[in-house]
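Required output: the full structure, derived from the provided sequences and hints.
These protein sequence lines are chains A and B, in that order. Residues in the first sequence are numbered consecutively from 29, following the working numbering. Residues in the second sequence are numbered consecutively from 701, following the working numbering.
Honestly, the hints are just simulated from the structure, not real lab data. Nothing false has been slipped in among the hints.
Below are the DMTMM-like pairs computed for lysine to aspartate or glutamate, each with C-alpha atoms no more than 20 Å apart in a straight line:
| hint | chain 1 | residue 1 | chain 2 | residue 2 |
| --- | --- | --- | --- | --- |
| 1 | A | 96 | B | 801 |
| 2 | A | 70 | B | 806 |
| 3 | A | 29 | A | 55 |
| 4 | A | 135 | A | 45 |
| 5 | A | 70 | B | 801 |
Over the 12 Å line for every Cβ pair with chain B, so calculated as not near, a few chain A residues:
| hint | residue |
| --- | --- |
| 6 | 44 |
| 7 | 46 |
| 8 | 88 |
| 9 | 90 |
| 10 | 93 |
| 11 | 98 |
Sample of chain A residues lacking proximity to chain B, with all beta carbon distances greater than 12 Å (derived):
| hint | residue |
| --- | --- |
| 12 | 40 |
| 13 | 43 |
| 14 | 47 |
| 15 | 48 |
| 16 | 84 |
| 17 | 106 |
| 18 | 112 |
Even glycine gets a Cβ: it sits at the ideal position worked out from N, Cα and C.
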Amino acid sequence: KQEVTQIPAALSVPEGENLVLNCSFTDSAIYNLQWFRQDPGKGLTSLLLIQSSQREQTSGRLNASLDKSSGRSTLYIAASQPGDSATYLCAVTDDMRFGAGTRLTVKP
Amino acid sequence: ETGVTQSPTHLIKTRGQQVTLRCSSQSGHNTVSWYQQALGQGPQFIFQYYREEENGRGNFPPRFSGLQFPNYSSELNVNALELDDSALYLCASSLDRNTGELFFGEGSRLTVL
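Spelled out as structure tokens, the structure:
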């Protein structure tokens, strides 16, 4: 059974810092890993989808990588801004398994 | 192109009642999945519907049931509500059951008293 873990549960950084969020999964036989952003009480906003044939995806200041052999994905956020404050979740969408998220706070 | 829409946005029920939540999938999407998200946790998969048929189910009891209609909109029904059913219920649609990218609605916040 696929398990998805995100560590740390919470992270606080000063504005302008580059940061990395981590996502680990136990079964490396995956096809799709997706990163989401969730604001308090809201739905999930899709950020990036990485398919198994890809190693990474980029959108603006965001870059997500996938290493199936090590069971890890990372989300890199460049030049963080207070508007980036939210909870970031990863999911192995083949199995509909989500991590619990990392709550990011970017301080002005 | 309209995104995924859910209704109602908030509702309050009492223990033992029944509730129906609704979801309209994104245009062109034939697959809908439902999730329960408790505070501070990740979404938990309830079930998925593909072309009006259930196409996978998570670890939820039978009192959680669903439907998908010919226009691919969907309903989640929960009978005999329990206090622990209080959560944010999320609907996601995808282009096809084998297409990994999920698009979520804003959710329905259910409070059971």
